[in-house]
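Those sequence lines, one after another, are chains A and B.
Position 219 (the first sequence) corresponds to 219 in my numbering; numbering is contiguous.
Position 288 (the second sequence) corresponds to 774 in my numbering; numbering is contiguous.
There may be inaccurate statements among the hints.
As the list claims (entries may be wrong) - Distance ranges between label pairs, derived from CB positions:
| no. | chain 1 | residue 1 | chain 2 | residue 2 | range |
| --- | --- | --- | --- | --- | --- |
| 1 | A | Glu218 | B | Glu900 | 36 to 46 Å |
| 2 | A | Asp427 | B | Gly595 | 21 to 31 Å |
| 3 | A | Glu303 | B | Glu562 | 48 to 58 Å |
| 4 | A | Arg143 | B | Lys503 | 50 to 60 Å |
Stated by the list, open to error - Keeping only pairs whose Cα atoms sit at most 20 Å apart, straight-line, the calculated DMTMM-like set for lysine to aspartate or glutamate is:
| no. | chain 1 | residue 1 | chain 2 | residue 2 |
| --- | --- | --- | --- | --- |
| 5 | A | Lys130 | B | Glu900 |
| 6 | A | Lys382 | A | Glu371 |
| 7 | A | Lys382 | A | Glu456 |
| 8 | A | Lys45 | B | Glu900 |
| 9 | B | Lys903 | A | Glu326 |
| 10 | A | Lys45 | B | Glu799 |
| 11 | A | Lys318 | A | Glu142 |
| 12 | B | Lys503 | A | Asp110 |
| 13 | A | Lys348 | A | Glu379 |
| 14 | B | Lys558 | A | Asp42 |
| 15 | B | Lys905 | A | Glu379 |
| 16 | A | Lys44 | B | Asp499 |
| 17 | A | Lys347 | A | Glu21 |
| 18 | A | Lys316 | A | Asp153 |
| 19 | B | Lys820 | B | Glu799 |
| 20 | A | Lys292 | A | Asp210 |
In case anyone wonders, no lab produced these hints; they're calculated from the structure.
Even for Gly, the Cβ is constructed at its ideal location relative to N, Cα and C.
Okay, here's what each chain looks like letter by letter:
Number of protein chains: 2
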Amino acid sequence: MERKNILSTPIVDAINKYIEENNIPFSMPGHKAGKGFFYTDDGKKLFSNIINGDITEVEGLDNLHKPEGIIKESQELLCKLYGGAKAYYLVNGSTSGILAMIFSTFNEGDKIIVERNCHRSIFNAIILRKLVPIYLKSEIDERFNIPICINEDYILDVINENKDVKGIILTYPNYYGICQNISKIILKAKENNMKVLVDSAHGAHFGFCDSLPQNAVELGADIVVMSAHKTLPSFTQTSFLVANKNIDIENLEFYISAFMTTSPSYMFLCSMDYARNFMELYGKKEFEKCTKLARKYRKIINELSYIHVITPEDLKEKNLGIYIDESRYVINVKKQYSAPLLLKYLKKNNIQCEMCDGINIVLILSPFNNEMDFSKLYEVLKDCPIHEFEIENSLNINDIIEQKIPQSKLLPFEAQKIKDIEIVSVDNCINRVCAENITPYPPGIPILIKGELIDEHALSLIKYYLKSNISILGVDNLKIKVFTKM
Amino acid sequence: MERKNILSTPIVDAINKYIEENNIPFSMPGHKAGKGFFYTDDGKKLFSNIINGDITEVEGLDNLHKPEGIIKESQELLCKLYGGAKAYYLVNGSTSGILAMIFSTFNEGDKIIVERNCHRSIFNAIILRKLVPIYLKSEIDERFNIPICINEDYILDVINENKDVKGIILTYPNYYGICQNISKIILKAKENNMKVLVDSAHGAHFGFCDSLPQNAVELGADIVVMSAHKTLPSFTQTSFLVANKNIDIENLEFYISAFMTTSPSYMFLCSMDYARNFMELYGKKEFEKCTKLARKYRKIINELSYIHVITPEDLKEKNLGIYIDESRYVINVKKQYSAPLLLKYLKKNNIQCEMCDGINIVLILSPFNNEMDFSKLYEVLKDCPIHEFEIENSLNINDIIEQKIPQSKLLPFEAQKIKDIEIVSVDNCINRVCAENITPYPPGIPILIKGELIDEHALSLIKYYLKSNISILGVDNLKIKVFTKM
Numbered sequence: 001m002e003r004k005n006i007l008s009t010p011i012v013d014a015i016n017k018y019i020e021e022n023n024i025p026f027s028m029p030g031h032k033a034g035k036g037f038f039y040t041d042d043g044k045k046l047f048s049n050i051i052n053g054d055i056t057e058v059e060g061l062d063n064l065h066k067p068e069g070i071i072k073e074s075q076e077l078l079c080k081l082y083g084g085a086k087a088y089y090l091v092n093g094s095t096s097g098i099l100a101m102i103f104s105t106f107n108e109g110d111k112i113i114v115e116r117n118c119h120r121s122i123f124n125a126i127i128l129r130k131l132v133p134i135y136l137k138s139e140i141d142e143r144f145n146i147p148i149c150i151n152e153d154y155i156l157d158v159i160n161e162n163k164d165v166k167g168i169i170l171t172y173p174n175y176y177g178i179c180q181n182i183s184k185i186i187l188k189a190k191e192n193n194m195k196v197l198v199d200s201a202h203g204a205h206f207g208f209c210d211s212l213p214q215n216a217v218e219l220g221a222d223i224v225v226m227s228a229h230k231t232l233p234s235f236t237q238t239s240f241l242v243a244n245k246n247i248d249i250e251n252l253e254f255y256i257s258a259f260m261t262t263s264p265s266y267m268f269l270c271s272m273d274y275a276r277n278f279m280e281l282y283g284k285k286e287f288e289k290c291t292k293l294a295r296k297y298r299k300i301i302n303e304l305s306y307i308h309v310i311t312p313e314d315l316k317e318k319n320l321g322i323y324i325d326e327s328r329y330v331i332n333v334k335k336q337y338s339a340p341l342l343l344k345y346l347k348k349n350n351i352q353c354e355m356c357d358g359i360n361i362v363l364i365l366s367p368f369n370n371e372m373d374f375s376k377l378y379e380v381l382k383d384c385p386i387h388e389f390e391i392e393n394s395l396n397i398n399d400i401i402e403q404k405i406p407q408s409k410l411l412p413f414e415a416q417k418i419k420d421i422e423i424v425s426v427d428n429c430i431n432r433v434c435a436e437n438i439t440p441y442p443p444g445i446p447i448l449i450k451g452e453l454i455d456e457h458a459l460s461l462i463k464y465y466l467k468s469n470i471s472i473l474g475v476d477n478l479k480i481k482v483f484t485k486m
Numbered sequence: 487m488e489r490k491n492i493l494s495t496p497i498v499d500a501i502n503k504y505i506e507e508n509n510i511p512f513s514m515p516g517h518k519a520g521k522g523f524f525y526t527d528d529g530k531k532l533f534s535n536i537i538n539g540d541i542t543e544v545e546g547l548d549n550l551h552k553p554e555g556i557i558k559e560s561q562e563l564l565c566k567l568y569g570g571a572k573a574y575y576l577v578n579g580s581t582s583g584i585l586a587m588i589f590s591t592f593n594e595g596d597k598i599i600v601e602r603n604c605h606r607s608i609f610n611a612i613i614l615r616k617l618v619p620i621y622l623k624s625e626i627d628e629r630f631n632i633p634i635c636i637n638e639d640y641i642l643d644v645i646n647e648n649k650d651v652k653g654i655i656l657t658y659p660n661y662y663g664i665c666q667n668i669s670k671i672i673l674k675a676k677e678n679n680m681k682v683l684v685d686s687a688h689g690a691h692f693g694f695c696d697s698l699p700q701n702a703v704e705l706g707a708d709i710v711v712m713s714a715h716k717t718l719p720s721f722t723q724t725s726f727l728v729a730n731k732n733i734d735i736e737n738l739e740f741y742i743s744a745f746m747t748t749s750p751s752y753m754f755l756c757s758m759d760y761a762r763n764f765m766e767l768y769g770k771k772e773f774e775k776c777t778k779l780a781r782k783y784r785k786i787i788n789e790l791s792y793i794h795v796i797t798p799e800d801l802k803e804k805n806l807g808i809y810i811d812e813s814r815y816v817i818n819v820k821k822q823y824s825a826p827l828l829l830k831y832l833k834k835n836n837i838q839c840e841m842c843d844g845i846n847i848v849l850i851l852s853p854f855n856n857e858m859d860f861s862k863l864y865e866v867l868k869d870c871p872i873h874e875f876e877i878e879n880s881l882n883i884n885d886i887i888e889q890k891i892p893q894s895k896l897l898p899f900e901a902q903k904i905k906d907i908e909i910v911s912v913d914n915c916i917n918r919v920c921a922e923n924i925t926p927y928p929p930g931i932p933i934l935i936k937g938e939l940i941d942e943h944a945l946s947l948i949k950y951y952l953k954s955n956i957s958i959l960g961v962d963n964l965k966i967k968v969f970t971k972m
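Next comes chain A alone, as it looks inside the complex (with noise of 0.2 Å):
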């Protein structure tokens, strides 16, 4: 056999030249590289040798898209696990479970509320829905530039005015692990019969233990999507959808399965099978002891002047009502000091982050980071030479973070349809009808909406993004789409 050329598979090449880097991993998946699946025989047994795994659906094993055996007891395991009518695997990630749910509860035409603040795969169920949003905008956190919840009144007041409404989307918990108790928004929407869908991407791992912020079905929401790779250990884009009683449920499993492969993964289902079986029998146990380890070492770090986690304290000094999910650390980086230059500092030092927003770095943490991981994460900030990492803050943070939602020229379907289109530069784009969401990619949330008015507020961000080096999807060599004849 020839020896290909080693450039002839970047994808594979890049990922090797990962694996030996060894990183410690405080990031997703929930597995951590592996150690989450070696925790009972079998799954060792199984996930030694996973591609063995990789099969297809022949006889003995199960139909995803009509489960009658293995598949359909493991769901109902599902189900038991988390409360619910009943809940379901997806093998494309929490995306799939947003469309299925989305167009599952409305119809075309529908008005719906909907937090500014959610994931494009929500946006894009909208235009595909053809829905009418009206968006809520978020409280931001001025010391920590962070949003931290819908302003609990002012949400009541958006319910109150719009009767019409069929429904209402939340994010619990956002990606910084900061909740909202939405029990009353749940209880005051189905006062007026709307439907409560919940992206828990971020929340599979909640209500298994009391230092965890309580499950979102327990909470009451109609339709909850949890990814399970996040947090739990299972495989990339496996997630979990757990439906609440009075769904049609025929309904919704056209959906769930319409926007599925028929070719399912085994190895994604049988490690979503793991996990859930990970947290029926673990989940408490692990979980207290993670967020016990994070507690104590969240103490010491926050003894470093340069930075601050934050704890549930900070927030409990807002009155908002409003937690965090103590198994994610949020380091906010004191503004002299650049974010993004720690987070290349600290995967120079074999420290793996979720992500950085420019100002914040959030680690995921999980029972499969043990006390090592936390002690090398601690020496390698406390040794951090911090002051070659400091900038001159010109922005004024407070400002561009703050939420406002531009005009909205086009409902998002009807610029979807639109071919007219041009490409002007960033510099040139200020009062035209963007053609392309615009979205920072982490953290997933769009600044303009397809259709929406390029306004002197929106810019700004952009321009905050491109500065901080964050990936922007829509923005392409500091060029934007906007319709040409607006």
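Could you slot chain B onto chain A? The hints should help.
Here is chain B on its own, set in the frame of chain A:
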């Protein structure tokens, strides 16, 4: 750590059990229990420890939804390999490619021509995109009772009679590996400004050597979707989409992105990168070797009296310009014997086949099936106690398999909206309007589409598949959903 209850992970347990059986894989996926990944040194290195490669889109890697680095580079190589204008990796199987190509090519209300023998995902896309389908029925080879092609004169007539049609969706090859020359149809469609979309889920290996059919991209289709996992060394649920010239790339990319998870698996991306490189370097040589071996053993197997593996010569006799993928065995079982019982016997002897339609058994061969695999297959077939599998063949299969398109009472998308449904037994469903697609799986071709009248012919097909113990999506406990008010 506690020892978990053996029954608590039904999927993991079943897969562990399956792995222990150590079957010879003549089924998907194309890597054949991992053998396909050990062809290059870097492949060995990565795939022997693939779980470490399950990482998220961290620094140094790339974003599948806005590729600028390794994914972009690899997709460009994919495009170079197949030809065409742009090529994409799909992590949600061919299903997501089919949704994307149909949504991007057609608008709501568009009339399209589509084979009745198309995959379930195409029917779902027709509902979701609200298209008006004109179905084409297949010619059936009465000797083997399999669909072989759409009569060319018939299809050209349909095109001539429906000049307002926006496009045509073809399947090339079908599940049996049978192809017709679609060049003429493509030419005719293009003359009439119709787009040609090809579901080539089973044809990713086509065009790499003279002993295989030409690739659909080469034949001039506008968009082609190919499953990487079916015939190439790539993980289950991975696919390629190739767009030819004159496609609105921006629009296509919106839909590809919308139907795919924003947390794509790098294990999947690695396997597609690997498979592409494998085909580039070794595809020709290895598939020549594979088809040569397949021919050799087909000849020997065809000396057995109770079965017949379909040959290119068989198809030539029909004078329809059809041919067969020689890396696939379609074992036609003589009518006095039971194909399902033969399938069971093969499985018991560790021969894993791809599917059985009740009459034929399909095997997917690959370069990773060595001579020992073929030899074992032959030995097991030779030693078969076929007299034990004798049946009274009471069904007139020729009548049953013949394609008749039921009367449509509601367009697919209209039927999807109606909720007044009742459940009736299979024996009481005649002349009712079907409220759910009825699809035997495999081969995944609907007998009835939601909104169609259940006539005698459709009913006989349902009973035939039930009798053959083939799982039918849409039939539950011998019951079918029909619309109440029709």
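Need the list of violated hint numbers for this structure, in ascending order. The structure breaks hints 2, 7, 8, 9, 10, 12, 14, 15; every other hint is satisfied.
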